[in-house]
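With chain A fixed as given, assemble chain B onto it according to the hints.
Number of protein chains: 2
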Amino acid sequence: MSRSEGLLARLRDGLPAEALLTDPDVTASYANDMASFCPAGTPAVVVLPRSVEQVQHVMRVATELGVPVVPQGARTGLSGGANASEGCVVLSLVKMDRILEINPVDRIAVVEPGVINATLSRAVNEHGLHYPPDPSSWEMCTIGGNIGTASGGLCCVKYGVTAEYVLGLDVVLADGRLMSTGRRTAKGVAGYDLTRLFVGSEGSLGIVVGATLALKPQPPQQLVLAAEFASARAACDAICAIMEAGHLPSLLELMDRTTVKAVNDLANMGLPETTEALLMCAFDTADPAADLAAVGALCEAAGATQVVPADDAAESELLLQARRLALNALEAVKGTTMIDDVCVPRSRLGDLLEGIERIAEEHKLTIGVCAHAGDGNTHPTVCFDAGDPDESRRARESFDAIMGLGLELGGTITGEHGVGVLKKEWLARELGPVGLEMQRRIKEVFDPLGILNPGKLF
Amino acid sequence: MSRSEGLLARLRDGLPAEALLTDPDVTASYANDMASFCPAGTPAVVVLPRSVEQVQHVMRVATELGVPVVPQGARTGLSGGANASEGCVVLSLVKMDRILEINPVDRIAVVEPGVINATLSRAVNEHGLHYPPDPSSWEMCTIGGNIGTASGGLCCVKYGVTAEYVLGLDVVLADGRLMSTGRRTAKGVAGYDLTRLFVGSEGSLGIVVGATLALKPQPPQQLVLAAEFASARAACDAICAIMEAGHLPSLLELMDRTTVKAVNDLANMGLPETTEALLMCAFDTADPAADLAAVGALCEAAGATQVVPADDAAESELLLQARRLALNALEAVKGTTMIDDVCVPRSRLGDLLEGIERIAEEHKLTIGVCAHAGDGNTHPTVCFDAGDPDESRRARESFDAIMGLGLELGGTITGEHGVGVLKKEWLARELGPVGLEMQRRIKEVFDPLGILNPGKLF
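Chains A and B, in that order, give the protein sequences.
Using full-length UniProt numbering, the letters of the first sequence correspond one by one to residues 1 to 458.
Using full-length UniProt numbering, the letters of the second sequence correspond one by one to residues 1 to 458.
It should be emphasised that the hints constitute simulated quantities derived from the structure, not laboratory data.
Warning: the hint list may mix true and false statements.
Any copy will do: because identical chains look the same in the list, a pair fits if it lies in one copy or spans two.
Straight line, CA to CA, 30 angstroms or less: simulated DSS-like cross-link-like pairs of lysine-lysine [claimed, not checked]: (1) Lys424 to Lys443; (2) Lys424 to Lys334; (3) Lys364 to Lys424; (4) Lys261 to Lys364; (5) Lys158 to Lys216; (6) Lys95 to Lys443; (7) Lys158 to Lys261; (8) Lys334 to Lys364; (9) Lys95 to Lys216; (10) Lys261 to Lys334.
This is chain A alone, in the form it adopts within the complex:
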């Protein structure tokens, strides 16, 4: 019996037949997430468990045989964090997709990891509640995947990232034991915060099989304003002025000239070609029109050439469409994109955008930037022809140059996409030798055999 046959036989001991995918054509389709430039191996098998016990069985077998396990959600990640290792068990949690509880008094939801973000968001809406984290992939991505990468989204400038909504977790450890972390309560400080340690750990410490999430009351419908600027620097000045004045926008996004042009070309939206930067700001406060008027005045003071506040939800939605199309539009420019995720203190956003323009010129590349600008979190997106080896090489090099610039400006190499395989060497640079050593030693505590999503992060 080959090694792979032995693995399958042991897995079958505790799993129904339909939980195992072994057809190589099928399993190969589970090899990658949505990141560019990230190598992936060939899975030995894909397991689709439906219960905690089945996950525990998989991990016991993996520990017994020393086989790597790669946990996956919807594979919408952008750093290769869900890419298969050679000969691994892909552990796809998408069938564990029940919402077990929604409690409006305690403002919590208890869910399995495979619940789609949008499904949960809509379900809690029906109880007058709001689950804020809204990554762009929210119609596809799973809560488990969001927890794995500590996902962000458009709402973070007011509502923060996924990490701030995870109160407690059920985790299957590498050896198959079940551990519960955290709490159902609003507060709690009993011992080290292992919940937060697992959020953003990219499946490298254990398998999240359940989560207790904090919810907010549903806010009023947000109202959006768009402002055009003749330079990226002026738009960034406006952002700094808005935040310095104490505003709490529910969204504060920026698209640079390249992105605006790409959206115009794709969707013929009638955005003026003279726009060098487009800022979008929204409020979901009691009187959003008043807040937008104040922000509009700050934009004009910073040199906005046009300020367009929406009058109602429909107009707001129209303004946001341009932002939603940004990544597709940039992909249409040259066929392939590489999306970065550098976050700097928002006071340095202007320096970052000007630096990225310089890097694009130096590398003779088209780089569009859309940004969760209120957070200083940018997605510089290199548009290139993957069939052109020289352009591909320059794209890769520009990517490194941008991360280097981000660190120089006091930023981080990843605001919300995670490290995966894409940014491993950069993680070491950001953490420094002491931080890296302590992180590796924590990994060893939870995964002494190194079977949990090996080759990611470090």
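Quick look at chain B alone, frame taken from chain A:
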């Protein structure tokens, strides 16, 4: 040369004379924080460093000689977490008290650990900013101590606890190496969240020597409402109704009959003796009077016998005075108090309060409860005569009964005070064997010799 003389000689190598306290009368005064029933040893020496390098020197010497180190802030803790071990170095961070930066655009402050909470709060106010965490001891306690115990306060129902405001840390490890965690940016997911691991770790993983804190814009002045109820259950029903209706109060506090009576006796505040529970609710929204009117109606629907909304800041302050006096008033009842810190899902608050009444009767004790009710976080406070051994024994037993009840109701043994020495055995019960084992192994990663605040937490 004795062991103690050897320690002092090595410490003097890297510290100025004024940084060392060795007079036994003086060092003895550093033995305890403010918890009852917590044993403490006698410090060998108290060190008051003024720089990161001095802290590093202390930790290098402690590692070299295997001497325990107990980090301290203002010693206002309530779980014995800052109590000295026998023969330890007390490392008091109170002289490292500089505010290094306040940045209104990035909404961050960079501070040393010895800064007093109120000093920071007032300093950021001058920039139109707000540092929400407000433990009752905020005029005395330090930010480093707040980080060590992940402190809460009155604001948490809207603004969350200290943990949510710590973006990055500088930490001196057990062996004297300096590690930086986290970031200055609004978002960041580069590697495991070691920042959050340190928050609430009670000085058992390393010495926090610097912190980057998130700030909020200063909210409008809050307006307070007081509501009287004829039973604790009715007050808890009101709390559930307020939260279920989607309100976001900036404060939602509860005092039970015993506490109301104690405050009346102490300060002659004219609170009606018929009051079985007093609820206080505040809003710092754009239109707090409207929010208070809505909440007042919910209180009446739940059976409030009187609802008193304040008209302005001065009246609000007057209403809050009763709450602020609660702990002092309970201490005046019998001379000594033991303050617990059990947190349950807010939907179980009524069950907890009725259970505590039962426990008080069974143990023939006076137990007053004041609670951060919006969070389900109660402070059952046993009033007893420390000179009466039988009453002291019953006080200790009731304390255990209350924690057991809290866990039964799906709660935690500590919402905001931490574990220290007071709740060590209860931590094991809350975490379970797997969780406890993983927590201990994380401790070993950072503190292989077991010299950092030994005997706390586990």
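Hints, one by one, checked against the model:
1. In the homo-oligomer, the alpha carbons of Lys424 and Lys443 lie at most 30 angstroms apart both inside one protomer (15 angstroms) and across protomers (26 angstroms), since each shortest distance falls under that limit.
2. For a Cα distance limit of 30 angstroms, the shortest separation of Lys424 from Lys334 inside one copy, 27 angstroms, qualifies, whereas the shortest one across copies, 61 angstroms, does not.
3. In this assembly of identical chains, Lys364 and Lys424 lie within 30 angstroms of each other by CA distance solely inside one copy; the values are 26 angstroms within and 62 angstroms between copies.
4. Within a single copy, Lys261 and Lys364 get their C-alpha atoms as close as 18 angstroms, which meets the 30 angstroms cut-off; across copies the closest is 77 angstroms, which misses it.
5. In the homo-oligomer, the alpha carbons of Lys158 and Lys216 lie at most 30 angstroms apart both inside one protomer (12 angstroms) and across protomers (10 angstroms), since each shortest distance falls under that limit.
6. Taking the closest pair of Cα atoms, Lys95 and Lys443 come within 30 angstroms of each other only inside a single copy of the chain (27 angstroms); across copies the shortest separation is 36 angstroms, beyond that limit.
7. In this homomeric assembly, Lys158 and Lys261 come within 30 angstroms of each other (Cα to Cα) only inside a single copy, at 28 angstroms, whereas the closest approach across copies is 42 angstroms.
8. Taking the shortest Cα distances, Lys334 and Lys364 sit within 30 angstroms of each other inside one copy (14 angstroms), while across copies they are farther apart (79 angstroms).
9. Taking the shortest alpha-carbon separations for Lys95 and Lys216, only the intra-copy value of 27 angstroms comes in at or below 30 angstroms, while the best inter-copy value is 40 angstroms.
10. Within a single copy, Lys261 and Lys334 get their C-alpha atoms as close as 13 angstroms, which meets the 30 angstroms cut-off; across copies the closest is 75 angstroms, which misses it.
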